[in-house]
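Asker: Protein chains in written order, with our numbering: chain B, 1 to 470; chain Y, 1 to 256; chain U, 1 to 345.
Hints listed in this document are in silico derivations from the structure and should not be mistaken for laboratory results.
For each residue, glycine too, the CB sits at the ideal point set by N, CA and C.
Fair warning: there could be bad hints in the mix.
Below, computed lysine-lysine pairings styled on DSS-like, alpha-carbon distance capped at 27 angstroms [claimed, not checked]:
(1) K207(Y) <-> K43(B)
(2) K177(Y) <-> K24(B)
(3) K58(B) <-> K75(U)
Negatives, chain U to chain B, calculated, CB over 10 angstroms [claimed, not checked]:
(4) I5
(5) G57
(6) N59
(7) T70
(8) E101
(9) N144
(10) L294
(11) N299
(12) P309
(13) E336
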Amino acid sequence: MKTNKILNISNDLRWQIGDGFHDKLTEGIYSDAAQIAQNSVFKKGATKHFRFDRVLDKIVTSKIWGFPIMILILSVVLWLTIIGANYPSGLLSQLLLDTIHPWLKETTISIGFPIWLAGFLFDGVYLALAWVIAVMLPPMAIFFPLFTLLEDFGYLPRAAFNLDNLFKKSGAHGKQALTMSMGFGCNAAGVVATRIIDSPRERLIAIITNNFSLCNGRWPTQILIASIFIGAMVPKGFAGALSTLSVITIALLGVFFTFAVSYFLSKTLLKGEVSSFTLELPPYRPPVFWKTIYTSLIDRTLIVLWRACVFAAPAGAVIWLIANISIGNITIAHWMIEHLNGFGFLIGLNGVILLAYIVAIPANEIVIPTILMLTVMSVSISGVGEGNGVMFELESATATGEILRAGGWTLLTAVNLMLFSLLHNPCSTTIYTIYKETKSVKWTVIASVLPLIIGFVVCFIVAQVWRILV
Amino acid sequence: MQTVTKSACDSCEYSNTSGLKKLGINTDDTDFVVALAGNPNTGKSTVFNALTGLRQHTGNWPGKTVTRAEGGYSFNEKKYKLVDLPGTYSLLSTSQDEEVARSFILFGKPDVTVIVVDASRLERNLNLVLQILEITNKAVLCLNLMDEAKRMEIEIDDRTLARDLGIPVIPTSARSKVGIQELISTIHKVATGEIICKPHRIKNVPKQINNAIEKLCVEIEKEYPNIPNSRWIALRLLDGDERIIEAVKTGEFITE
Amino acid sequence: MASPITYLLVFTAVIILLVVLFYPKGGIYWRLKNSFKNDSKTLIEDILKKLYHAEDGGNSLSTNDIISSTNIRPKKIIETIAQMEANQLINFNNGTIKLTENGMDYALRIIRVHRLWEKYLSEKTGFDKKDWHDIAEKMEHKLNTKQAKELATNLGNPRFDPHGDPIPTEFGEIEAIQGKPMPVFKEGTIGRIVHIEDEPDIIYQQILAEDLHIGSHVHIVENNEKRIVFHSEGEEYVLAPIVANNITILQLLKDEILEENTFRLSSLKENESAKIIGISNECRGEMRRRLLDLGFVLNTTIELDLISPMNNPRSYLVRNTAIAIRNEQAKFILIEKIKNHANSN
Ligand SMILES: Nc1nc2c(ncn2[C@@H]2O[C@H](COP(=O)(O)OP(=O)(O)O)[C@@H](O)[C@H]2O)c(=O)[nH]1
Ligand SMILES: [Mg+2]
């Protein structure tokens, strides 16, 4: 073979040249580049604009202002998202859940759909979809554009620069700070965003730990449960503050786990992966406002929403089916709840919650409606709810609390639910995204199972210690 | 020396937009394939969007485009397929994230490679430009971010640059669509052979390495006579690039 | 239902059991796995290596020396040595063991794989320096000659491993290490570090902690029985002679001596500018390529741009672009400070 001859000669030559081929070649290219640039580039000295960049950089990376500015910006973004999403979310759910849903059901039944089919289609599939859209769309449509604006302006690399030292200590990359913040919006988007991390090991770490960022789908759960159970422990005036504090604690706990798990992974499973760190700080550029908003809506919000819908629709069907199909004389849901109750008790939760987390893998948004439906069903509370397999939410938190207490919930259940909502497997959209990004079954499985195990262990310990002390 | 301004070509034939039709993602039976390469964050996606009318995500953040995006446009009755490659600093590296760009430029055989560079950081960008010019002899340099360079009071003599590099150089400010017309017609001319490039080849290579390269080139050309970039392949073989070694075994880069 | 205390106790017991079984390296599971692996082939190869290193250092070993240097059962070692003699890998010479030509070839083959593998780990993976030896120690028994050849080709037939040890060729040729241990040299000597021995582990860890790099130039300023003091790349180091003994130095000729003005980039201060004069050999693989690609090449002028709030990383202006790297990496980049730099702020 002649080609072998080429390869043999190249091997010989490589040996003769020895190490340093790449170095010398790069030096050569750069000196060509320098010559060419010298011929055609004329610089009239540093200008004011250049100075402006420098001054801004000095401030946003300064010892005194660096961190406060970062925390301020993140808080403002999260606050705008949570507050700003309230109104459109309410509007959407009124439209999709309270108006269109009954109308769809009535119309189809009146034109002769069998009741079970209308139930399956509209109480199951449609309702899950509507729920996901109503809860998910508004916060994402606010969060992502805001984030993208920051990104386009050029602030984000500076944040990575500031935080890198913290991340380095746990074997991770400074840019993980950004994928983590992105995860506060949506873990699937956070996982996609890890593409900016160019070092293979650090990228895997960022992917696997992204789930520890409390995402938009989970904030409402935290806020609701905290205000029902934790806020209720103290006099009215302090309730709001305490429940807010407890939600923030959970989010910070997530950050803690991000670091701990990153450290663990970099010392064990990911030890041998290649690692290299460089971070370019691009010049600031004023973003093109409307275009940025547009592309971020298309690129991030709608794509993530679409994926969530694809997964939520079958989940809705499953939820409806298990609540309506009976084997023997109990429904599948009843049967599963009974069997899960033992383990649920062990980790301070109950069968209903575990079942809800199993069927609601596609989207954390539908966990609370599913829990309510299953609770009402399993303890046969009459007068509330919409019937078997129909997810619902109540206007008032107090009423929700009454149902849950009737379902046997205690303060421990609430605390553990908050913990478990933080520490469990990623939603199926995220799992799918992880697979697409890593193209590896192994890492996908690890990323899915690891947080679940941590969740079980943490809830278990909390439950036992609680029972001993209280 | 000529100062480059937006008006450089206002009156000439290029400013006639009637020849341009944006085809979005419709890239069926194209006549020419055009690759967009360059360092990260130099405005490749912005150029891509300006040409195709698509809205690829752009961002002020190195490493934004990670998979390649494709789109199309037609100009003077020819259909062009445009491929927006992920940004790279170099083609010499073996890192995974630069694989897409590396392979496409060498094995995808684009008819024209448009190299988008940041005019305010020309010297650094030239590292990649010089490497690409080793691979292909149909290239256009898109000197983007001219507005930023101007703001920093950097002036660039694009004629000298074009002469030194041996390829056409088009100053642009892609975000405000300045220079896009000239870019389009220059791509057309290079694609159709109206402009013949004589790309610069890397000169400052140490003697020992140069000798080795020449020796190897002879062997490669013996086996694959019509290959345009034997020098590049020699370089990569000497660097132990496994992908290229594999390609030498299978003869991948000569099959048309 | 059992009481919560019982649950907690059971849980703790399970965790302790898992830790005892699977604790990295020390865990029972790993030990069992190792003891199975420690078959006679591995043992033969390990003994061959010991003999080679001893002969290379001008010493010779007896059966007892070998027994006392490992924690494997003496009976097993005696059996193995007998087997090795039968296979003509070794022969006895007044109570000491000598390698035969066959034995020598075999030993070199093992050493070749070991050093190639260390080279591979340093270039193509992210394993830490201190882990290389142990991993290579396992791999050396696994690769056959053909695989070793493929590995060598992939790595470009390297001549030295990352510690500066020569890698034997396929045909068992081996270059001699040039240079001598550091304590041999007189005060005032200027030399280059060509080799850092990675065994025994305790001393190697101390050298690693000092952050010395192969290829660095050193200037010995004090050398006595208590300590050796030398300057390298703008820093001062103080080592005990026993530690310094594991560092090999090659004395430099006059024209090879760089200016004393060599520093590490990590020591560059604000408003100073400098010229890059090289990247240390200790910066390898992907990391090295990245830095080169980004323009950290010979003769480039460089300035400190920004310092992050926690001091690390720092960003540098290279060819008009701000690039942040960590101080650990900046240590590998050698610079020469440019004097009289006008204050640009
Ligand atoms: N001022 C200015 N900004 C530009 C120009 N072209 C692109 N940009 C901005 O540069 C940034 C990077 O652009 P992008 O197209 O994503 O670069 P890519 O990484 O090479 O694809 C974006 O913020 C663009 O808005 C230009 O001509 N002038
Ligand atoms: Mg892009």
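Asker: Hint by hint, which ones does this structure get wrong, listed from lowest number up?
Answerer: 1, 2, 3, 4, 10, 11 and 12
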